[in-house]
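Participant: Residues per chain are reported as follows:
There are 2 protein chains.
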Amino acid sequence: MEKRRWIAAVTPWMDADLKELLSGRAQEMGFEIRWFETEEEALETAAECEVLYGMAPKCLAAAKRLRWFCIPFAGVDRFTAPGLVPEGVLVTNSAGAYGPAIAEHVVMVSLMLLRREDRVFRRMEKRFWQKEKSMDSLEGRSIVVAGTGDLGRTCAGRLRAFGPRAVIGISRSGRGAGQAFDRVYPVSEAEKALPEAELLVMTLPGTAETENFLSEERMALLPRGAYVVNVGRGRSLDEKALAARLRDGRLAGAALDVMRHEPLEADDPLWEVPNLLLTPHCAGDMTVRGTRERCAHFFLEDLDNYAHQRNLRHLVSLERGY
Amino acid sequence: MEKRRWIAAVTPWMDADLKELLSGRAQEMGFEIRWFETEEEALETAAECEVLYGMAPKCLAAAKRLRWFCIPFAGVDRFTAPGLVPEGVLVTNSAGAYGPAIAEHVVMVSLMLLRREDRVFRRMEKRFWQKEKSMDSLEGRSIVVAGTGDLGRTCAGRLRAFGPRAVIGISRSGRGAGQAFDRVYPVSEAEKALPEAELLVMTLPGTAETENFLSEERMALLPRGAYVVNVGRGRSLDEKALAARLRDGRLAGAALDVMRHEPLEADDPLWEVPNLLLTPHCAGDMTVRGTRERCAHFFLEDLDNYAHQRNLRHLVSLERGY
Numbered sequence: 000m001e002k003r004r005w006i007a008a009v010t011p012w013m014d015a016d017l018k019e020l021l022s023g024r025a026q027e028m029g030f031e032i033r034w035f036e037t038e039e040e041a042l043e044t045a046a047e048c049e050v051l052y053g054m055a056p057k058c059l060a061a062a063k064r065l066r067w068f069c070i071p072f073a074g075v076d077r078f079t080a081p082g083l084v085p086e087g088v089l090v091t092n093s094a095g096a097y098g099p100a101i102a103e104h105v106v107m108v109s110l111m112l113l114r115r116e117d118r119v120f121r122r123m124e125k126r127f128w129q130k131e132k133s134m135d136s137l138e139g140r141s142i143v144v145a146g147t148g149d150l151g152r153t154c155a156g157r158l159r160a161f162g163p164r165a166v167i168g169i170s171r172s173g174r175g176a177g178q179a180f181d182r183v184y185p186v187s188e189a190e191k192a193l194p195e196a197e198l199l200v201m202t203l204p205g206t207a208e209t210e211n212f213l214s215e216e217r218m219a220l221l222p223r224g225a226y227v228v229n230v231g232r233g234r235s236l237d238e239k240a241l242a243a244r245l246r247d248g249r250l251a252g253a254a255l256d257v258m259r260h261e262p263l264e265a266d267d268p269l270w271e272v273p274n275l276l277l278t279p280h281c282a283g284d285m286t287v288r289g290t291r292e293r294c295a296h297f298f299l300e301d302l303d304n305y306a307h308q309r310n311l312r313h314l315v316s317l318e319r320g321y
Numbered sequence: 000m001e002k003r004r005w006i007a008a009v010t011p012w013m014d015a016d017l018k019e020l021l022s023g024r025a026q027e028m029g030f031e032i033r034w035f036e037t038e039e040e041a042l043e044t045a046a047e048c049e050v051l052y053g054m055a056p057k058c059l060a061a062a063k064r065l066r067w068f069c070i071p072f073a074g075v076d077r078f079t080a081p082g083l084v085p086e087g088v089l090v091t092n093s094a095g096a097y098g099p100a101i102a103e104h105v106v107m108v109s110l111m112l113l114r115r116e117d118r119v120f121r122r123m124e125k126r127f128w129q130k131e132k133s134m135d136s137l138e139g140r141s142i143v144v145a146g147t148g149d150l151g152r153t154c155a156g157r158l159r160a161f162g163p164r165a166v167i168g169i170s171r172s173g174r175g176a177g178q179a180f181d182r183v184y185p186v187s188e189a190e191k192a193l194p195e196a197e198l199l200v201m202t203l204p205g206t207a208e209t210e211n212f213l214s215e216e217r218m219a220l221l222p223r224g225a226y227v228v229n230v231g232r233g234r235s236l237d238e239k240a241l242a243a244r245l246r247d248g249r250l251a252g253a254a255l256d257v258m259r260h261e262p263l264e265a266d267d268p269l270w271e272v273p274n275l276l277l278t279p280h281c282a283g284d285m286t287v288r289g290t291r292e293r294c295a296h297f298f299l300e301d302l303d304n305y306a307h308q309r310n311l312r313h314l315v316s317l318e319r320g321y
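Chains as they are written, first to last, in numbering that gives the first Met the number 0: chain A, 0 to 321; chain B, 0 to 321.
It should be emphasised that the hints constitute simulated quantities derived from the structure, not laboratory data.
Incorrect hints may appear among the rest.
No copy labels: a pair is met if it fits in one copy or bridges any two.
To be verified - DSSO-like, lysine-lysine: derived pairs with alpha carbons at most 27 Å apart:
1) Lys63 / Lys2
2) Lys18 / Lys2
3) Lys18 / Lys239
4) Lys191 / Lys18
5) Lys130 / Lys57
Please read these numbers as outputs of a predicted model, since none were measured by experiment.
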């Protein structure tokens, strides 16, 4: 009798119909998926599983027979420490699933900053009817997107619909222009792009290379009155410098969905910074149905590849960090 | 000696460089523009002026020699009462100037509603870091835009970039499909469109025909969990019915920039309605530079037409209401 091939799935976010779909298809390919809400519940199965699907570091440590680890998120930086993922284990992620949700967040917070909506809403909360006299607009604005992967491209596409003057990318290689970007600078020439960034959108992965990408020096290159939105990783931005530039008015506003220390402590100085919109790392996440569907289908696609011993499509390099 | 031809401009929102541009060009055409911040200051000039430019009903009453009244806004409903504008006076408006600003507001508030951002921000204000588990997205959603003029089309174009399933228009005639809309229903068949409106955006002008467009009966045709955004006129929507549907959860959220009574009184019941985002009629207005530029250029274009006794391009029918 053939031995059962187990998949441990620690995916509390997964919709019932998607679980059913995945279980059925997996069975056809000779696998059984066990679904768990928490890592603790999954530990026993993890010890026996061939495939682990989920943000589950404890299960990873327990999974002695693991062949494939599928991360349902885009960021893999939590797993890049040496030895965390045993050598020889295939690792995939779900980059490409989050673009639409994150782009909606980016457009929303950009418009909230440009239109000074914090002031409007604060007054309306006090039932005080007063219009804002002056607002900015995306129309005619020059936008720079740092990171030209799925997130950056999807943000660029949404933002372009608002009639900006230019949408410029910054990528590792400087490649990636095309429909989404008017032009793309390599990160080595970021200094040429930043003076054009009336709105800077940061979608960078958390790697050694992107650490402190928006340093104090580079921040000084942004035009006066610029806006900064970060949905990548908190480590790519100098938070102290950002706070100072928002306080002295050099920057008009910023929105951070990611910070160096998450969750932000109650006494973190960032809470007090003017014109800074903070959200709890929820731009992407599993909040919208489209994201969950794409994640499930990416897994299914690679399960099919894995079952037929083909190359996995969503393979990542832990060394590179994405 | 030729008599001076006066233009009274009551345009406190106008930028200095645009004033300079308009004054110079007007002079070349034989006109002198006098600029005023308030109606009261303008009254004396108004009595002598040939052209009145501005939202200035008192000046209108005083302007005995008036030939052309240019309204720098899109809505003309304040001037449709019989006798307010003397017969024979040409009336133009600035429809077409507001699309980008209003579309930015529409996308912003739609995303705020869909993404439950009121809850996120309210918690963050208390320094309480908690993600929202479930959000909606524009991706895959069916959107209906009531009003297919400049506002409706511009909103539709921005919203389309987010990957909706369909963008459907409702117009007086049922014409107007094309790039902006997948299809357009005439208002007489609104009942066919409303069940498809997972998001309903209302951009209707304030006319007798649009009065109570979204009645209690029609509201009941919207799908469960729908969202409503109104940037047209407060009179086109039954506020009591909306409040009831938001309270019983039949509608998931609404954003009103326009209301039946503006400014909203401090004891208006609308303030207390859950999932209702209120803004102080500031979606369009003169807040963004692009709007002010377009208004100034529309005026200039028709001043040129007027000076050369050609038809005015931005002529409106006060009888029709737009």
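Participant: Confirm or reject each hint.
Facilitator: Okay, the hints, checked on the actual structure:
With identical chains, the CA atoms of Lys63 and Lys2 are at most 27 Å apart within one copy only, with a shortest distance of 16 Å there and 97 Å across copies. Taking the shortest alpha-carbon separations for Lys18 and Lys2, only the intra-copy value of 23 Å comes in at or below 27 Å, while the best inter-copy value is 83 Å. In this assembly of identical chains, the alpha carbons of Lys18 and Lys239 never lie at most 27 Å apart, being 44 Å within a copy and 42 Å across copies at closest. Taking the shortest Cα distances, Lys191 and Lys18 never come within 27 Å of each other, neither inside one copy (48 Å) nor across copies (35 Å).
Taking the closest pair of Cα atoms, Lys130 and Lys57 come within 27 Å of each other only across two copies (23 Å); inside a single copy the shortest separation is 52 Å, beyond that limit.
When each numbered hint is compared with the structure, violations occur for hints 3, 4.
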